[in-house]
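Colleague: Sequence lines, in order, name chains A and B.
Note that the first sequence ends on residue 942 in this note's numbering; no numbers are left out.
Note that the second sequence ends on residue 83 in this note's numbering; no numbers are left out.
Hints in this document: simulated from the structure, not taken from any laboratory.
A few of these clues could be false.
Stated by the list, open to error - Here are the simulated EDC-like cross-link-like pairs (lysine to aspartate or glutamate), alpha carbons at most 16 Å apart as the crow flies: (1) A:K820 <-> A:D853; (2) A:K831 <-> B:D78; (3) A:K891 <-> A:E858; (4) A:K831 <-> A:E858; (5) A:K891 <-> A:D853; (6) A:K831 <-> B:D40.
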Amino acid sequence: MPLAREIIAPKNELLNVSRNLKLPHSPGIRAGDFIFLSGMVSVDPTTGERSLGTVAHETRQILSNMRHMLESAGSSLERVVKINVLLYDMLEFENMNAVYRQFFPTDPPARTTCGVQLSFGLKVEIECIALAG
Amino acid sequence: MHGTVTSEAHRVLQNLTLVLKSAGSSLSRLVQVHAMIYDRIEYDVLNRVYRQYVPDGPPARTVWSVQIIDGFKVQLDAIAVA
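Taking the hints into account, I'd like the entire structure generated from these sequences.
Modeller: Listed below in structure tokens is the structure:
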């Protein structure tokens with residue numbers, strides 16, 4: 810019996826960046842008991858526009874949108890098992906962490922943080938794998 | 002086989018097609034892809050090739066602009082359902 814594969818989308822359509830910008834990926838995919846989200850950047854949920862700012866600001870916006878994305882699919886931040894954080898500069902690691910801790914106060918998921926090039930002057934991108942429902 | 006982002010992406014995605022097929026899966030069963038490119042400036046170049054391979058309802062994806070070993074310009078890792 811093959812695993813079910815289903816596309817995940819945020820209830821707030823302004824946050825469906827890949828569809829709005831016609832990019833070749835889905836916001837997320839549910840495969841069996843797991844949800845895989847695409848990398849998310851900071852987007853204002855009231856306008857759908859990119860919301861550039863400090864690492865703290867972008868981290869907060871992304872994790873808030875990620876919570877919405879997961880809850881749209883019947884999951885939640887508490888059910889995240891793995892997170893990859895992409896930062897434009899590892900010198901800002903602690904600035905990201907300070908906000909990150911507020912979203913994962915206890916038993917946080919496994920995580921890897923990498924310093925990479927990001928587009929459009931963005932400073933943070935975050936993707937995750939979560940347990941479904 | 003080294004080349005441009007376009008030629009490397011074609012090669013990688015063709016090989017991925019073969020690997021998935023031999024394991025009884027396919028590109029339409031992809032769940033998550035990490036697409037690594039050597040320079041963010043080639044993002045649209047990668048997408049142009051990528052679109053030709055992934056189906057409607059494409060997998061979740063994150064593009065990582067990173068240094069890739071041995072002078073390659075493109076590297077993919079992928080998770081698919083069987």
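Colleague: Look at each hint and say if it fits the structure.
Modeller: Each hint, compared with the structure:
Distance hint between A:K820 and A:D853 is fulfilled; the C-alpha atoms sit about 14 Å from each other, no more than 16 Å. The hinted pair formed by A:K831 and B:D78 fails the criterion: a straight-line CA distance of about 22 Å is larger than 16 Å. As the CA atoms of A:K891 and A:E858 are separated by approximately 27 Å, the hinted pair breaks the 16 Å bound. Proximity of A:K831 to A:E858 is assessed by CA-CA distance (about 14 Å); at most 16 Å being required, the pair is judged to hold.
This hinted pair does not check out: A:K891 and A:D853 have alpha carbons roughly 24 Å apart, beyond 16 Å. Note on A:K831 and B:D40: the hinted pairing is violated, with a Cα-Cα distance of about 21 Å set against a maximum of 16 Å.
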